[in-house]
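Chains as they are written, first to last, in the numbering used here: chain H, 66 to 574; chain W, 4 to 432; chain X, 902 to 1326; chain E, 3 to 149.
The set of hints was computed from the structure by calculation and includes no laboratory data.
Fair warning: this is a prediction, and the values are worked out from it, not measured in the lab.
By construction, the Cβ of each residue, glycine as well, lies at the ideal position given by its N, Cα and C atoms.
A hint or two may mislead.
[To be verified] Simulated restraints on C-beta separations:
id	chain 1	residue 1	chain 2	residue 2	range
1	E	R38	W	T83	58 to 64 angstroms
2	E	K29	W	L80	49 to 55 angstroms
3	W	G317	X	S1213	28 to 34 angstroms
4	E	G54	H	A140	42 to 48 angstroms
5	E	E40	W	R217	35 to 41 angstroms
6	H	G165	E	S30	55 to 61 angstroms
7	E	K29	H	S114	27 to 33 angstroms
Below, each chain spelled out in residue letters.
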Amino acid sequence: MRNNDVRKWLIQPDFVVERDPDKCIQCQVCVRQCANDVHVYDPETGLVSSDGTQCVGCHRCATLCPTNAISIRPAQLEFRPNANWTSSAIKNLYKQAETGGVLLAGMGNDQGFPVYWDRMVLNASQVTNPSIDPLREPMELVTYLGRKPDRIEFSREAGGLALTTRLETQLELQVPVMFSAMSYGSISYNASQALARAAKEAGTFANSGEGGLHEDFRQYGSNMIVQVASGRFGVDMEYLNVAGALEIKIGQGAKPGIGGHLPGEKVDAAISATRMIPEGTDALSPSPHHDIYSIEDLRQLIYALKEATRYAKPVSVKIAAVHNVAAIASGCVRAGADIVAVDGFRGGTGAAPTMIRNNVGIPIEFALAAVDSRLREEGIRNQASIVVAGGIRCSADVVKAIALGADAVYIGTAALVAMGCHLCQKCYTGKCNWGIATQDPYLTKRLNPNVARRRLVNLLRAWSLEIKEMMGGMGLNAVESLRGNREHLRGVGLTDRELRVLDIKAAGE
Amino acid sequence: MNRYPYLIIGNSAAAMGAIEGIRERDSASEITVVSREPHHTYSRPLISYLLAGKVDEARMPYRPAGYYEDNRVRAMLGVTATHVDVRERAVEISDGSTIPFEKLLVATGGNPIVPRDVEGGNAEGIFTFTTWDDVRRMQQFVEQNDVASALVVGGGLIGLKSVEALSALGIRATVVELADRLMSVTFDQTASDLARRALDEAGIAVRCGTTVTRIEQADGEVAGAEIREGTKVECQMVVFAIGVSPATEIVRGTEIETERGILVDDCMQTNIEGIYAAGDVAQAVDLLTGEKRAIAILPNAYRQGSVAGCNMAGGQRSYEGGLSMNAVDICGLPTISVGVTVPEGDGYEVLSVLDREQPMYRKVVLRNDRIVGAVFVGEIDRAGIVTGLIRDKVDVSSFKGVLLSDDFGLISLPAEYRKHVVSGAGIEV
Amino acid sequence: MLAGSKTYLAGIIYGLSGFAFSAPAGAGVWQRRSARVIGPNQGESMSKVPDYKDISGCAISGVMSESGRLFSGEAIIRSIAAMHERSNGLGGGFAAYGIYPEHKDHYALHVMCENEEAKRVASGFIARRLDVHHEETIPTRPIDAIRARPILHRYFVSVKPGELERNYDLSEDDIVVEVVMEINSSIDDAFVFSGGKNMGVFKGVGFPEDIAAFFRLEEYEGYIWTAHGRFPTNTTGWWGGAHPFGLLDWSVVHNGEISSYGINRRYLANFGYHCTLQTDTEVIAYLFDLLLRKHRLPMEYACMAMAPPFWSQIERMPEDRRKIAREIRIVYGGALLNGPFSVLVGHSGGMIGLNDRIKLRPMTAARKDDMLFVASEEAAVRELCPSPDLIWHAEGGVPIIGKLGKEVSAGSAVSADSAPAGRAD
Amino acid sequence: MKRVVAREEFCIGCRLCEIHCLVQHSKSKKIIKAFREERDSIVPGIHVEEKGYVSFALQCRHCTDARCIEACMTGAMHRDPETGAVLCDADKCVGCWMCIMVCFVGAIQIGADKHVASKCDLCMGAETPACVANCPNEAIVYEDSDE
């Protein structure tokens, strides 16, 4: 038997790989591209054949096939229809009976929960209020993240008025979209580099994740947010001071309450040096920070980090969207967080226990509405910026998030998809055929960071243009006028209760 | 006196190299070419293909028609330069006039060697094989005479190509070689055996370790030949292809230093300022030994001419040294041999692989972990990489083991050298 | 800490949604009501998310003597009447400063009541909470065009000395606002629509010139007059909903639509302001109050917060100014008024005209001698001043500031320079 | 001049360059037809070398100082005066293999017919050579590299 995900007794393959013999030219591109050995060339017959047993549906072969000879379909073998015992439920049972282990999954929650972004619609101007054409008029997306005072004060001096308010360091974003925390280790060197370079080029921020910051990426530090997580990987004074901002990772939307685990086989020399752990050892992040068992402990860590960076770096606290997220966020702000990052239950991950990924946490839309409203009720909304993550798929989602009250969003999965990810959800196997979530040198070089960087920058550019168009339609020419402006949102198909939590009107109201 | 700024004696690869070398720096001054052959510059190695009928005369030119005009070259064709007057800085030509020059290049090439002591060597039907006119003479002879078989004396490059050409004309050919193997300068015994088999399959008889001792005549024409051990070979024509010697007669008796050929420095200049030599006539430095040696092969000729031309036009370019090498397709069997292939003396290491069936033969000769020679027979596609390693004197100790493997390629080389070759040396960044 | 202070809770302006919704449907036309078309579904649940948009085209005009010279209301009436076509008869109003010199130290509460009972209750309440130095019916004259009308009464009041002692954390202004809020929120059918010192708001349903005639404004003399003619597109209009809106001595007349209303309202909530009227004009008044009175920003910077320069313009500013502008944008992003508007804000110290930053609504200004004129249309200025010293179109985001006893601000001087030469006759 | 530059750190060894080179130099220029009918009669001018996880696509460097041109006895190997590309004129080439002998990159092959040398022709002046246009990872780029 081969290692990993091998075909087990009782388990049927997920996909059928079909090869159109009229189109296949036996060029073997598919053979060379599949890390799962689905395609095989037989030198005796001179023919390529496929066996879908190992196929993960990543589409690498089909995408590169020069004649489009390959199609990949869900396996036709169906269980007797059963609304309760779905095929995935049954297959999971087979797997667990076989292995006795925890089910693992990559990427975010893929279950059929409602997507609330899709139940909110945006406004546009008609007649009484001119829409603004972003191609002809300025349209401002510049966003500043960080703690802001309630007011600005002046003192009268001989020469006139002098500013006495000293603004704390703010992160300047040319577009209110940042790249989520994805550690070097969970993703490849090339992917990390592409994210960092794209952030710099687009005038936004990438997040190191909890795996430290590779020496080569320190040059992008001014466009990096570096994480301090429960494992404290790669944290030292240089790491903290090279970054634009720091982020204490309390939780992650894909697996609230769970730590991380980078298997030792991925900890090569470079990752070992970056994470500051011995080569080949598992990198284990504990579930909680063992020095944070309560809010006052968080305050201590926040101020320890501020002290370490001479109060020159904003400190973000990233939390997973859980039931009482508003109160937690409020606590974080009062503990000194300059940015609160909230990660919804659709947030991605390299690996999470399937049960947790699919069942823990709440939708980011509700979490955001609750947090923004709560901070305003408490009169502390100015004191911290809100960044949301977890399932932002398009520019309209960004606009809706900002209208609900976010200062900016993090995109993780969307960024990976821009780089080529096909959401096969097998990140945890280390055999990412797209060269993203892998450390295998044969696979990592498939991601040319120059290409990936350009694609990420393009994505942000495209989204910026779309955001500007949508804002212009609403008659707004500065993103701060969209932020928290829920009057521009209407709900469709939402219950009164949901409308109330989101604090938006129903369409037609 | 009106001196010719550039005077070139010769009209082949070295001369073309010189013209092109001069023209890179000086597009104005006239260049004068003097050639004893009446032809537009033509490809000398093509004569065997011409004889074999594989190419027609239209394909003979080495450079296109109009080349002289385009490059402002005054071509004096069919004119023999007889002597270089070093003191007057002028060249005497066959009609008695002289051409004064500012810069002179002697690129007179080589003269075919004909043994003087062969009995019957004055018969009709004995040829050498180095010029277009040789082909015409042979064609004429073959047309006018009933030539059923021929003897080629010399199993080197010219010998093999001529025997192949004769064979292609339907003439049963025999080749005799004094040495114990074909291509004795660059082939080892194994390569020779493989070549011999290819010739055999083409119906060409090969006798090594012997040479012609007597040519029989009938009515003044060749009627057969006797080789050393007394064996008689039936033939109606004989081709002497036992090598060329540098055509140095033009400088004989002058202050210009010669050994076998005209001695030149690494600028291709003779001991006389402003007088250069290049090509088969020149004796330039050997890349591997550092000694001066005449290596009569076309790639060296062109490069030497090009270096000379550059320097004649006031440039600064030096010749890195010649490398003895040959590529020859022997009756469909491609072969490449470079440098020292049959080492003599200590300190050499020889690696080889052989598959007689294919046939495929690869061999490299190393000295001090540097490749100094190589032979490729059958599969030659990656031979140039080895030539490069020889030329660049690369330490191959780290990849010696894969030099002869089937998938040997640039990928087998150390990354640094590989990148230098792929993105550096090739495009001279 | 402003948050949580009891002062600026609901109903700081003279109107309260809770009160409005408790009024019976079909009440008198002057009554407070939702700005949306009243229908059978006007129930509890819908009241929670009131429409804010006062979708309307409008005319505004203002005249000021910077030297404080008093002049009759006749001028502003002519000016606003010149823009008759910009109104549709569903609302008109005026604010006048300097009109009560004999009561200048007392707050002048203008109260509208639907019936005598309401007036009796309101009068009693005022008398209990405040010292009433004088009260009278607001003089009016019958006008054909004005059919339904409330009882209109005014009180000249001051805070009882004991009140200040009992509420040590409140100013006199705060207490007056609190009293007004209580009347508006808890006394049925009574509504205080003006409450500053030595100034008054006069407004109602009708064309502005009819409202002026009704209130006999030509008989008053003031040093600042602002006027508003309303063109609502989706409401029957009500007396209290007409412009100007007043808060203490702030008055706001506004033409436009604030697309950023949703965030401006929530931003103000952060500071304890709870917008309850169904109009975006309300946020403008609150923002002026917040930025000028509470945050003590200089007028120029308060205006910059509301209509800030673009980042690209900030980049080009001299360093000192760039730093200030940058901080203002970062800190006061929620105060940015986005969308088309022209607004005239009056206060006892002067008058401010402000356009949105890309000037999507018209506003023309002119100066002659000590007079400052600002109006939606040049015609309305020329009506009063055929040959101004300077006349110019206000630039987006550049405030026109009239200060009592001062020169016209630097901001408008810049604009004057850029005015076409032919206009400066 | 513009040259094709290989970036081995991004070569994924898919050999799409070879495939598209073959198609480009086929008569039909249609991939399936080219592979069905001409696969054995075309030697791609680009060749992927692979060893372990390292691979790169190799083709003629179109050297400024081209030894193959010097070594060519027939003048078949020449430089295109317009594009600067080193081209082999199949009508002139007689298959002596001198060019192969001197090409230290190993970028010239014996053609499929065994009689003439075969090499990259930069798609005869195309704006982007087929190999570059079809490389999925930009591991070969066509860029100005004048020294």
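Structure-based check of all given hints:
1. Between E:R38 and W:T83 the C-beta distance comes to about 60 angstroms, which sits within the given range of 58 to 64 angstroms.
2. The hinted window of 49 to 55 angstroms between E:K29 and W:L80 is violated, with their beta carbons roughly 42 angstroms apart.
3. Checked against the given bound of 28 to 34 angstroms, the beta carbons of W:G317 and X:S1213, roughly 57 angstroms apart, lie outside it.
4. For E:G54 and H:A140, the hinted distance range of 42 to 48 angstroms is not satisfied, since their beta carbons lie about 34 angstroms from each other.
5. A C-beta distance of roughly 56 angstroms is found between E:E40 and W:R217, which places it outside the suggested range of 35 to 41 angstroms.
6. At about 57 angstroms, the CB distance of H:G165 to E:S30 agrees with the hint of 55 to 61 angstroms.
7. At about 29 angstroms, the beta-carbon gap between E:K29 and H:S114 stays in the expected band of 27 to 33 angstroms.
Checked against the numbered hints given earlier, the structure breaks hints 2, 3, 4, 5 and satisfies all the rest.
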